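**Q** Sequence:
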Amino acid sequence: MPLKRILAGPVEDAARGLLGCELVREDVVLRIVEVEAYAGPEDTASHARHGRTARNAPMWGAPGRAYLYFCYGMHWMLNVVTGPEGVASAVLIRGAEVLAGMDTVLARRRAAKPSAQICAGPGKVAQALGLARESDGLDLLRAEGLHLRPGLTPGAILSGPRVGIGFAVEPDRLRSWRFALAGSPAVSRPRIAP
DNA sequence: CGCCGGATTTAA
DNA sequence: TAAATCCGGCGA
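Using this note's numbering, the first residue of the first sequence is number 553, and each one after it goes up by one.
To be clear, the hints were calculated from the coordinates, so they are not data collected in a lab. All figures in this text were calculated on a predicted structure; none of them were measured in a lab. C-beta atoms are modelled at their ideal positions from N, C-alpha and C, and glycine is treated no differently. Among the clues, some could well be false.
[Claimed, not checked] Cβ pair distances, simulated, as ranges:
| hint | residue 1 | residue 2 | range |
| --- | --- | --- | --- |
| 1 | 664 | 578 | 37 to 43 Å |
| 2 | 737 | 593 | 35 to 41 Å |
| 3 | 654 | 624 | 23 to 29 Å |
| 4 | 561 | 662 | 26 to 32 Å |
Build the full structure now, drawing on both the sequences and the hints.
**A** Rendered as structure tokens:
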């Protein structure tokens, strides 16, 4: 099944389908190992919970676009928009392994040496790719600029509650919409129970 | 290894 | 005023 079709489906399936896929920008190639699913206005943890705003507008767009937002006054977060056009949902990229371009990643992350956790966290992933506001809304399925492509077929997948959404109400708050490749060293904290 | 506070801008 | 976070410092 083509990636575009998976992204056009339910956000939970799209999230699982993104595990193992690759993000490419210039010389940097990352393998996605951890994601979180965020649905539309009905999901009280989602940026779409108050309806359409200037910030979350890309969430209503076509599947496969980027939704980037600024968080905690200093971090950019990369999401892949999912669902049909007009339906607001997106998948937050939370963790990745560096397949190529480690020197560039080290420079952007201001790290002295490689480590398994260099892209373990959503802020780290966007920073490693050099992403900010100007990449908001990009079509990731076009092979120019930032590109998303199929990769490794996932083995075992772990799931658990989403991180940093204590403000959401149940059942959204406890929903297991965080997914990660079992055994990957690039999964962010807190760890998902096996 | 786990907990805690500060950084720093924006959206609602 | 709190946020879909990160990092360094401190104590066990």
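**Q** Look at each hint and say if it fits the structure.
**A** The hints, checked one at a time:
Remark: the range hint 37 to 43 Å for residue 664 to residue 578 is contradicted by a beta-carbon distance near 22 Å. For residue 737 and residue 593, the Cβ-Cβ distance of about 36 Å falls inside the hinted range of 35 to 41 Å, so the restraint holds. Judged by the Cβ atoms, the range 23 to 29 Å given for residue 654 and residue 624 holds: they are separated by roughly 26 Å. The hinted window of 26 to 32 Å between residue 561 and residue 662 is violated, with their beta carbons roughly 38 Å apart.
Of the numbered hints listed earlier, those contradicted by the structure are 1 and 4.
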